[in-house]
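Student: In the order they appear, the protein sequences are chains A and W.
Under the working numbering, think of the first position of the first sequence as 1, with each following residue one higher.
Under the working numbering, think of the first position of the second sequence as 115, with each following residue one higher.
If you are wondering where the hints come from, they were derived from the structure by calculation, not from laboratory data.
Here the structure is a predicted model, which means the values were calculated and not measured.
Honestly, I wouldn't trust all of these hints.
Stated by the list, open to error - What follows is a list of derived Cβ distance ranges for each label pair:
#: 1; chain 1: A; residue 1: 114; chain 2: W; residue 2: 171; range: 44 to 50 Å
#: 2; chain 1: A; residue 1: 69; chain 2: W; residue 2: 193; range: 46 to 52 Å
#: 3; chain 1: A; residue 1: 97; chain 2: W; residue 2: 154; range: 29 to 35 Å
#: 4; chain 1: A; residue 1: 78; chain 2: W; residue 2: 130; range: 49 to 55 Å
C-beta: ideal position from N, C-alpha, C; glycine also.
Each chain, letter by letter, is given below.
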Amino acid sequence: AQKVTQAQTEISVVEKEDVTLDCVYETRDTTYYLFWYKQPPSGELVFLIRRNSFDEQNEISGRYSWNFQKSTSSFNFTITASQVVDSAVYFCALSENNFNKFYFGSGTKLNVKP
Amino acid sequence: DTEVTQTPKHLVMGMTNKKSLKCEQHMGHRAMYWYKQKAKKPPELMFVYSYEKLSINESVPSRFSPECPNSSLLNLHLHALQPEDSALYLCASSQGQITTGYNEQFFGPGTRLTVL
Numbered sequence: 001a002q003k004v005t006q007a008q009t010e011i012s013v014v015e016k017e018d019v020t021l022d023c024v025y026e027t028r029d030t031t032y033y034l035f036w037y038k039q040p041p042s043g044e045l046v047f048l049i050r051r052n053s054f055d056e057q058n059e060i061s062g063r064y065s066w067n068f069q070k071s072t073s074s075f076n077f078t079i080t081a082s083q084v085v086d087s088a089v090y091f092c093a094l095s096e097n098n099f100n101k102f103y104f105g106s107g108t109k110l111n112v113k114p
Numbered sequence: 115d116t117e118v119t120q121t122p123k124h125l126v127m128g129m130t131n132k133k134s135l136k137c138e139q140h141m142g143h144r145a146m147y148w149y150k151q152k153a154k155k156p157p158e159l160m161f162v163y164s165y166e167k168l169s170i171n172e173s174v175p176s177r178f179s180p181e182c183p184n185s186s187l188l189n190l191h192l193h194a195l196q197p198e199d200s201a202l203y204l205c206a207s208s209q210g211q212i213t214t215g216y217n218e219q220f221f222g223p224g225t226r227l228t229v230l
């Protein structure tokens, strides 16, 4: 079974729209870590956020916000007022007790049109 | 310095060639990683070095041979590759100490490898 599921393969929005990228994870460990990465067309994965399992506080960073809900095993990512530069593939990832090993979701490609 | 560098950016090689990919970080990280990424797929973990020792090998074929000469450098030696090995090869590093709570991985720009 997949440990990280990103059900949205591709999303297209018009600039200034808000968009939410979904991430559902599965783990039996009580301590785990969740991540979001951005991969623009250039190819480099850019780290956006890490969330530890014992910290359910939501986080906001500029136009980005993250909603971590252990009850639904979800770690969703919202971009407010999207911009063309947000166009990229976004990956959600999980690490468990073997914290060096990341399980990546299949990614969501976000297209932001002007 | 929060950068992971990789060379070369692009590499074209024949199936009989021997080549090496190089990765460097100067963040004092003690864990380094090699990933393979095919188009429209997530990165696949190949190897993990922790404190300069190989800690994870995800059943990678022996035609890929990793090497960690020191805590800042990571190499991937390539020999007798197949066309299906063509992919983006990504290097990453992380602090490597879970006690700090910071285990995010920082990625380099990748080497785009084509095997003819």
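Student: If a hint holds in the structure, say so; if it doesn't, say that too.
Tutor: These are the hints, each one checked on the structure:
About 46 Å separates the C-beta atoms of residue 114(A) and residue 171(W), a value consistent with the hinted range of 44 to 50 Å. A C-beta distance of roughly 47 Å is found between residue 69(A) and residue 193(W), which places it inside the suggested range of 46 to 52 Å. Between residue 97(A) and residue 154(W) the beta carbons are some 30 Å apart, a value that agrees with the proposed interval 29 to 35 Å. A C-beta distance of roughly 50 Å is found between residue 78(A) and residue 130(W), which places it inside the suggested range of 49 to 55 Å.
The structure is consistent with each of the numbered hints, conforming to all of them.
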